[in-house]
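S.K.: Following the hints, put chain P in place on chain X, whose structure we already have.
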Amino acid sequence: DGGITQSPKYLFRKEGQNVTLSCEQNLNHDAMYWYRQDPGQGLRLIYYSQIVNDFQKGDIAEGYSVSREKKESFPLTVTSAQKNPTAFYLCASSTRQGTDTQYFGPGTRLTVL
Amino acid sequence: AQSVTQLGSHVSVSEGALVLLRCNYSSSVPPYLFWYVQYPNQGLQLLLKYTTGATLVKGINGFEAEFKKSETSFHLTKPSAHMSDAAEYFCALSGNTGKLIFGQGTTLQVKP
Chain X
18 DGGITQSPKY LFRKEGQNVT LSCEQNLNHD AMYWYRQDPG QGLRLIYYSQ
68 IVNDFQKGDI AEGYSVSREK KESFPLTVTS AQKNPTAFYL CASSTRQGTD
118 TQYFGPGTRL TVL
Chain P
18 AQSVTQLGSH VSVSEGALVL LRCNYSSSVP PYLFWYVQYP NQGLQLLLKY
68 TTGATLVKGI NGFEAEFKKS ETSFHLTKPS AHMSDAAEYF CALSGNTGKL
118 IFGQGTTLQV KP
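Protein chains in written order, with our numbering: chain X, 18 to 130; chain P, 18 to 129.
One chain only, chain X, in its complex shape (with noise of 0.2 Å):
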């Protein structure tokens, strides 16, 4: 079945840690999203891809990185830069950015401890 895993599923981080969350996908889409959710706020843009070795910076980048050396792959890497980054991320695809429909994956939940 075609679709987009995101994994874990629950990841714990002790302050200062990096951690690299996945996500990857078999559409075949060219464009990846990561976003970040809390409550009350709705999702909020991190980055995004329109295409392999390409990604730009979304409303909320700083404190993440991210790559894509692959069309299938997106990965984003929370760093200790990131002051309060519990939070449920959520990862996305569309088969090129703009008005195409965007699917998520499953989203995985960080928590700082």
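Derived by calculation from the structure, the hints in this document are not laboratory data. No false leads were mixed into what you were given.
Simulated crosslink set (EDC-like; lysine to aspartate or glutamate; CA at most 16 Å straight-line):
#1 K100(X) x E79(X)
#2 K66(P) x D117(X)
#3 K116(P) x D76(X)
#4 K87(X) x D47(X)
#5 K116(P) x D117(X)
#6 K116(P) x D47(X)
#7 K87(X) x D71(X)
#8 K88(X) x E41(X)
#9 K128(P) x D102(P)
#10 K87(X) x E41(X)
#11 K128(P) x E32(P)
#12 K26(X) x E41(X)
M.R.: Quick look at chain P alone, frame taken from chain X:
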């Protein structure tokens, strides 16, 4: 600037009653509009999408939404609520920035 406003962060209805979730948007270009549903600790699932053409859009699970340009609205409705409809619902807009802009979300509670 483009924006999406969902009126009411929490909506409560009785099972079998009409569901109405409100969404207003602001866009300087013709918008593409979306409704997504999110169940607890899950990703977002597309309910329906408006691009161009027919202003009444039918989606999954009996939901539909009507695009009203004059009112800049895209309200989501369902004639009869089921307990399984309890979830968070997000309205989103895609416009000239190429990005998807989300509303704050509305939590739907369905009472037996």
